[in-house]
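Going line by line, the protein sequences match chains G and D.
428 is the number that my numbering gives to position 405 of the first sequence; each next residue is one higher, with no gaps.
582 is the number that my numbering gives to position 559 of the second sequence; each next residue is one higher, with no gaps.
Do not take every clue at face value.
Dumping the calculated EDC-like pairs for lysine to aspartate or glutamate here, alpha-carbon to alpha-carbon at most 16 angstroms [said to hold, decoys possible]:
#: 1; chain 1: G; residue 1: Lys540; chain 2: G; residue 2: Glu618
#: 2; chain 1: G; residue 1: Lys181; chain 2: D; residue 2: Glu567
#: 3; chain 1: G; residue 1: Lys70; chain 2: G; residue 2: Glu117
#: 4; chain 1: D; residue 1: Lys540; chain 2: G; residue 2: Glu496
#: 5; chain 1: D; residue 1: Lys541; chain 2: G; residue 2: Glu502
#: 6; chain 1: G; residue 1: Lys536; chain 2: D; residue 2: Asp499
#: 7; chain 1: D; residue 1: Lys36; chain 2: D; residue 2: Glu185
#: 8; chain 1: G; residue 1: Lys426; chain 2: G; residue 2: Glu405
#: 9; chain 1: G; residue 1: Lys541; chain 2: D; residue 2: Asp499
#: 10; chain 1: G; residue 1: Lys536; chain 2: D; residue 2: Glu502
#: 11; chain 1: G; residue 1: Lys730; chain 2: G; residue 2: Asp693
#: 12; chain 1: D; residue 1: Lys536; chain 2: G; residue 2: Glu501
#: 13; chain 1: G; residue 1: Lys194; chain 2: G; residue 2: Glu274
#: 14; chain 1: D; residue 1: Lys536; chain 2: G; residue 2: Asp499
#: 15; chain 1: G; residue 1: Lys182; chain 2: D; residue 2: Asp565
#: 16; chain 1: G; residue 1: Lys465; chain 2: G; residue 2: Glu119
#: 17; chain 1: G; residue 1: Lys203; chain 2: G; residue 2: Glu357
#: 18; chain 1: G; residue 1: Lys541; chain 2: D; residue 2: Glu514
#: 19; chain 1: D; residue 1: Lys536; chain 2: G; residue 2: Glu502
#: 20; chain 1: G; residue 1: Lys623; chain 2: G; residue 2: Asp748
#: 21; chain 1: D; residue 1: Lys182; chain 2: G; residue 2: Asp565
#: 22; chain 1: G; residue 1: Lys730; chain 2: G; residue 2: Asp748
#: 23; chain 1: D; residue 1: Lys738; chain 2: D; residue 2: Glu633
#: 24; chain 1: G; residue 1: Lys227; chain 2: G; residue 2: Asp238
#: 25; chain 1: G; residue 1: Lys540; chain 2: D; residue 2: Glu496
#: 26; chain 1: G; residue 1: Lys612; chain 2: G; residue 2: Asp558
#: 27; chain 1: G; residue 1: Lys541; chain 2: D; residue 2: Glu502
The calculated label-pair distances, taken between Cβ atoms and stated as ranges, are [as the list claims (entries may be wrong)]:
#: 28; chain 1: D; residue 1: Gly593; chain 2: G; residue 2: Glu77; range: 42 to 52 angstroms
#: 29; chain 1: D; residue 1: Gln546; chain 2: G; residue 2: Glu117; range: 27 to 37 angstroms
#: 30; chain 1: D; residue 1: Leu665; chain 2: G; residue 2: Thr573; range: 46 to 56 angstroms
#: 31; chain 1: D; residue 1: His610; chain 2: G; residue 2: Gln424; range: 49 to 59 angstroms
No lab work stands behind these hints, which were simulated from the structure alone.
Where a beta carbon is used, it is the ideal one built from N, C-alpha and C, also for glycine.
Number of protein chains: 2
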Amino acid sequence: MKVNRDLLQWVVKQNLQEELLRGNFGLEKENIRVDGNGMLALTPHPKAFGNKMENPYIRTDFSESQIEMITPVFQTISETYDFMETLHDIVTLELEEEYLWPSSNPPVLPKDEEIPIALMSDPVEDQYRMQLAEKYGRKRQLMSGIHYNFSFHEGLLKKLYEGLHTDSSYKDFKNQLYLKVARNLLRYRWLLVYLTGASPVFNKTYLEQCVQLSDHFDDESYFFPNMNSLRNSICGYRNQKPIYVSFDSVETYVRDLQSLVQAGELLSAREYYSSVRIKPAKGKDFINSLLQDGIAYLELRMIDLNPLYKVGISKDIMQFIHLFLILMLLLEDEPFGEIEQNLADQNHESLIMDGIQGKWFGAEEHFITLVERALGVLETMEEMLQVITPDHESFTRLLEQAKQIIQHSELNFASIVKAATQQSSYLAYHMDKAKQYAEESKASGYKFLGYEDLELSTQLLLKAALKRGIRFEMLDREENFILLQKGDHTEYVKQATKTSLDSYSTVLIMENKVVTKKVLERQGIRVPQGRVYSDLNTALGDYEMFRDQTIVIKPKSTNFGLGITIFAAGGFSRGDFQKAFEMAFAHDKTVLLEEFISGKEYRFLVMGDEVVGVLHRVPANVVGNGLHTIEQLVADKNKDPLRGKGYKTPLERLQLGEAEEMFLKHQGKDRSYVPGAGETVYLRENSNISTGGDSIDLTDEIPDRYKRIAVKAAKAAGATFCGVDMMINDMEKYASDRNYSIIEINFNPAIHIHCFPFKGTNRKADEKILDLLFGKL
Amino acid sequence: MKVNRDLLQWVVKQNLQEELLRGNFGLEKENIRVDGNGMLALTPHPKAFGNKMENPYIRTDFSESQIEMITPVFQTISETYDFMETLHDIVTLELEEEYLWPSSNPPVLPKDEEIPIALMSDPVEDQYRMQLAEKYGRKRQLMSGIHYNFSFHEGLLKKLYEGLHTDSSYKDFKNQLYLKVARNLLRYRWLLVYLTGASPVFNKTYLEQCVQLSDHFDDESYFFPNMNSLRNSICGYRNQKPIYVSFDSVETYVRDLQSLVQAGELLSAREYYSSVRIKPAKGKDFINSLLQDGIAYLELRMIDLNPLYKVGISKDIMQFIHLFLILMLLLEDEPFGEIEQNLADQNHESLIMDGIQGKWFGAEEHFITLVERALGVLETMEEMLQVITPDHESFTRLLEQAKQIIQHSELNFASIVKAATQQSSYLAYHMDKAKQYAEESKASGYKFLGYEDLELSTQLLLKAALKRGIRFEMLDREENFILLQKGDHTEYVKQATKTSLDSYSTVLIMENKVVTKKVLERQGIRVPQGRVYSDLNTALGDYEMFRDQTIVIKPKSTNFGLGITIFAAGGFSRGDFQKAFEMAFAHDKTVLLEEFISGKEYRFLVMGDEVVGVLHRVPANVVGNGLHTIEQLVADKNKDPLRGKGYKTPLERLQLGEAEEMFLKHQGKDRSYVPGAGETVYLRENSNISTGGDSIDLTDEIPDRYKRIAVKAAKAAGATFCGVDMMINDMEKYASDRNYSIIEINFNPAIHIHCFPFKGTNRKADEKILDLLFGKL
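Please model the complete structure; the sequences and the hints are all you need to start from.
Okay, here's the thing in structure tokens:
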């Protein structure tokens with residue numbers, strides 16, 4: 024193994040280190056669905072994931088019970104990993120009493136013929152799966168793993184192409200570059216298999232001939248000694264016979280594959296289960312795309328699901344593989360004909376059967392072990408990294424870990440899994456992990472990892488979208504402005520509820536309180552009657568008109584309720600009326616006189632013709648225990664991980680700032696006050712969730728007639744998505760229709776407060792938005 | 024005549040003077056359409072006014088050539104007058120080579136049977152008009168006039184009702200009150216006829232028997248001596264026989280009318296051509312509404328079209344009539360049976376035949392003239408006003424004028440019109456007036472009188488709306504937020520182009536330049552490529568990428584072009600690139616690098632599938648004459664009445680402020696510079712109309728392919744109404760599609776600049792909005 028020093032030096036000279044360390048990443052992984060006992064789930068693919076042929080993120084693979092999760096392409100490992108974790112969370116949360124099996128090796132299986140093959144409602148796909156089932160057996164097809172997709176930074180490739188002044192076209196240049204990397208990967212894949220293998224033990228229900236040949240810890244947990252990846256072994260998912268395909272050029276690669284298909288060795292080109300695949304940009308008609316457009320990226324297929332990690336892989340491993348790929352690019356180009364492929368396969372086999380202590384097959388004449396060779400590879404990597412990025416601590420740490428694992432085979436993933444399995448059993452160990460990861464998914468399931476900078480409403484909408492296979496694109500991330508696309512149907516959405524389904528005039532109506540009132544009144548909907556005054560005299564002139572009504576007089580903008588007078592009974596004096604206005608005018612140049620509406624305020628979330636959720640919002644508060652101060656109680660309440668800041672978590676943290684102190688002061692309290700047991704102390708006047716208020720879901724409790732009023736109000740404004748804020752005086756009162764009043768219609772209602780209320784049920788407002796935009800599932 | 028002093032004192036005591044002086048006003052008026060020679064127009068009612076049965080503002084009356092204009096109800100005379108003037112302008116501007124005849128007496132008429140009766144496509148209406156034609160002759164039906172509708176302030180009526188503690192219901196109370204006013208009006212109507220009469224002369228083509236009985240100035244101008252209103256005479260528009268209907272109660276009124284209809288004296292109740300009508304709120308089924316809902320207002324029908332005023336009436340006359348109505352309310356209630364009605368008719372007749380010197384028929388035993396009586400009425404009015412509003416100058420002036428006119432009959436309108444007619448001829452005089460008023464309408468026709476506080480775009484839209492009979496309502500006047508309604512179809516519109524036809528997401532796309540670019544690019548539409556930088560180093564790192572391109576580097580917000588560098592040719596040095604960024608960063612924290620787009624900017628106004636107008640906007644400028652300074656040239660250009668401030672006129676005034684001075688300074692000029700003859704000096708860099716730029720309409724000049732691109736851009740964003748700002752490099756170039764670029768899409772394009780460009784044609788963007796909202800006419 025030799026680094027091409029000229030190439031490396033040129034990269035440094037051109038100052039391309041940064042570009043070299045960049046790349047484009049994607050992950051695919053499969054997990055088998057199991058029931059609570061670790062038995063293969065025989066239920067159909069969940070309907071929530073939409074059409075399994077069309078969902079680009081969540082599909083089935085060979086079996087109906089085998090869920091495949093696919094990330095889009097990202098420019099960083101972290102984004103790719105986060106997206107996969109979110110996919111994993113989404114899938115997990117959608118499973119009812121089922122779990123994602125965390126091992127590459129299958130769970131407890133029924134008889135071969137009882138394993139459900141995925142029904143794709145596409146005769147070609149269905150036939151292909153049937154043929155595979157016959158050829159390999161269904162059990163083998165249930166082997167699951169991770170595919171790691173990678174391409175180099177386009178800027179790097181272009182500069183390499185320009186700098187190396189080749190005669191070939193850019194496409195050919197790129198093909199040659201990726202083929203070189205693919206060849207080197209195939210050559211050294213045994214090392215990646217060693218470092219990522221995590222499927223050492225399997226269940227007795229797996230293939231009979233494999234079970235018979237192997238050892239076992241107990242009556243269900245079987246294994247081969249020294250084998251860290253059953254999946255990469257002869258018992259795993261491989262072509263029936265060794266197959267040789269040229270990696271010299273795209274043309275020879277294609278030629279060889281087509282010969283194999285014509286000879287009946289392969290059902291189709293995609294049956295070639297190479298550890299590394301060269302891939303064109305377009306997925307459909309893979310052979311022609313490859314010839315026409317060239318190689319766009321490489322697919323590494325030898326990576327096991329790692330039961331030690333919820334996602335089946337860690338960011339460290341992803342990082343290590345990336346560095347490994349860079350090394351493969353920078354190595355000297357060596358011949359890789361049939362003989363060299365054979366040697367590579369022998370090294371792979373040696374690793375699988377004898378482990379890292381196995382023999383290295385290669386040019387060296389004396390016997391060396393894979394350990395020695397592996398350490399040599401790490402040394403070369405280290406040298407390379409020294410040149411590219413001398414002081415990269417995390418890279419150094421990764422190499423050091425790999426070295427340890429090579430030198431101490433009990434430290435590798437497979438050994439750890441095997442030891443743990445021996446302590447319990449194959450089934451018990453993996454079910455424990457499955458359940459543990461399901462719990463973790465539940466805890467963090469509200470957020471979209473990697474998109475936590477977005478408002479939670481948008482995060483939820485995006486997750487709901489990808490769950491049903493709607494693609495998305497960020498148009499303006501800071502503005503929570505996204506594009507959703509399903510087939511030819513494109514929707515532009517801002518802040519989750521600003522969509523094409525509301526017209527501009529509808530939004531303008533809602534934006535303007537005066538106009539909203541007029542529009543609602545036209546439809547006979549009750550709104551608080553009132554007047555606006557900018558001088559005292561005009562106001563006093565209206566005394567006669569209002570003296571017998573119940574009214575509120577308040578400054579246009581209120582702080583802590585200062586300057587507000589409520590005449591809850593009519594028949595007040597002219598003097599009191601005047602005093603109220605004088606007080607209000609002392610706080611604002613504009614003073615409102617409004618009909619006094621008693622009762623509680625409710626937020627009705629209307630979507631289309633439906634009230635999706637109803638919340639009562641309670642101002643930020645703490646409930647005493649007779650022991651702790653308000654300050655301590657606030658801190659306590661804020662420990663809830665669902666409380667955060669800026670609409671990015673289901674609830675907002677309580678504050679103890681100036682506003683709250685003022686409000687406490689008005690109650691004769693301060694932060695050191697100790698409320699009695701059960702005593703509720705409010706910290707603010709307003710009940711906004713954004714200032715730490717509690718959201719109480721009352722969707723099922725609110726009588727239908729108020730829901731009908733809310734929908735009518737939304738319709739009056741022409742709104743599809745809106746939050747109707749309604750005061751209701753005495754909920755059960757039927758006699759009068761004067762016991763409600765609509766305060767406001769909000770054209771951008773937060774949806775997360777209905778999905779994750781302080782108390783209550785997830786009303787799936789995110790799903791409803793998609794139902795309305797794209798049609799129900 | 025006696026004022027009811029108790030009533031007057033009570034009003035003062037209750038401090039109700041203000042309420043007494045308020046009221047609700049409406050005007051209706053008819054004008055005959057004539058051709059350029061003063062011949063009755065035989066063309067159909069203009070299509071632009073929509074359905075003549077449904078348009079609430081512009082209809083036909085008896086004849087197809089008789090346009091009726093109707094204002095809504097307003098609380099001030101000024102609003103009512105302004106609205107009527109606007110209706111008059113709208114109608115005038117829609118007539119092609121026709122004019123509105125400014126006299127109550129008809130223009131040159133053809134034979135009776137050639138006068139076109141209005142076709143209403145309603146068999147009942149058509150039959151009624153045919154019967155009238157037979158009964159009265161078509162010529163008589165062409166008499167036109169003004170109806171003045173009035174009701175008292177509801178607050179006043181309520182307080183009167185409460186204060187007077189009557190036993191009757193509020194409805195009956197109101198009926199009695201209005202009947203009293205009606206009776207008094209009928210009694211004293213001769214005075215109003217004297218003060219408003221303006222139809223002393225008529226054409227020889229009018230009714231033969233009238234022509235034969237009368238004198239003439241010349242062979243076409245006929246008159247009766249002392250008669251100031253032919254229309255109110257026996258030759259005018261009256262019931263064939265004197266008809267007596269009781270004004271004692273609504274019930275007796277209705278009973279009498281119904282008897283007359285049953286007896287065949289009247290074709291229907293509405294054939295009762297009383298000078299004063301009592302009217303219910305609802306127009307349809309007048310008799311039943313009157314019985315059921317009572318009197319809502321009074322209609323005064325004796326007012327002539329006054330050729331001395333464009334609108335046919337003046338605000339002063341309207342004001343005087345209002346004061347007269349108040350007097351009628353405050354008079355003592357006197358009996359008004361058949362005898363009294365007869366006396367009232369005699370006084371009317373006396374005025375008509377003998378003028379103000381005629382005999383007064385009444386209780387007095389000695390002979391007194393109408394002059395004496397009239398002066399008595401004025402005295403009573405003055406007394407009344409002294410009590411209500413002692414120092415009201417304009418009222419005093421009105422009374423003084425009336426007094427003069429009574430004392431000097433040569434000063435009344437009819438005398439003035441008659442004298443002028445004698446100088447020229449009936450036809451020539453009125454045609455001169457008609458043409459003069461048409462010119463005036465053209466000059467001020469862009470604005471909506473009484474609504475000049477609105478943006479001109481909204482004024483235009485409102486005018487277009489009422490032209491075709493779409494009702495409107497102000498929802499939020501300051502925000503230019505209106506409601507348009509036609510039948511059941513309601514539209515909410517803000518600032519003319521913010522409507523229900525654009526979706527919220529479309530507006531959000533247009534609002535965000537980054538997103539706009541992305542959306543347009545997705546559709547293959549060219550936009551300026553570019554990057555945004557917030558630090559110098561990142562910017563410099565991109566030198567390689569851009570060094571061969573033509574680019575602009577500029578601070579995010581530019582002032583007077585400072586900090587902008589244009590690299591109009593590629594291949595610039597790294598040093599120059601750096602200098603450009605340093606300069607830009609000196610002006611703003613954010614710096615944009617954009618592809619340099621050469622060419623001129625055009626505003627495409629897209630509505631639906633159509634480009635309605637294309638403007639090239641030229642920055643504010645003056646063109647020298649070798650004599651005047653820039654300052655003088657600016658002042659000169661600003662004299663154009665179409666130039667105003669704040670989007671309320673077709674063009675904006677040029678400024679000579681700091682910005683302009685800076686810009687001139689950069690050109691080495693200042694305000695005292697004298698540009699040579701034909702030299703254009705630009706005052707600003709930007710070409711916005713709002714800073715005094717000139718709008719040049721190029722709708723017909725721009726090749727269709729650019730219009731198609733503009734429409735495609737609008738569609739890409741989903742927009743119905745938008746302004747597409749496009750740079751075009753070389754308009755005629757076909758070879759490349761790279762010679763244009765879309766800079767921006769504006770979701771609230773001003774429409775007035777396309778209706779009243781600095782140079783070019785009215786593109787009727789206002790009409791197009793309505794076509795799209797309500798369907799084409």
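Honestly, which of those hints from before does the structure not fit? Number 11 - this is the single hint that the structure violates.
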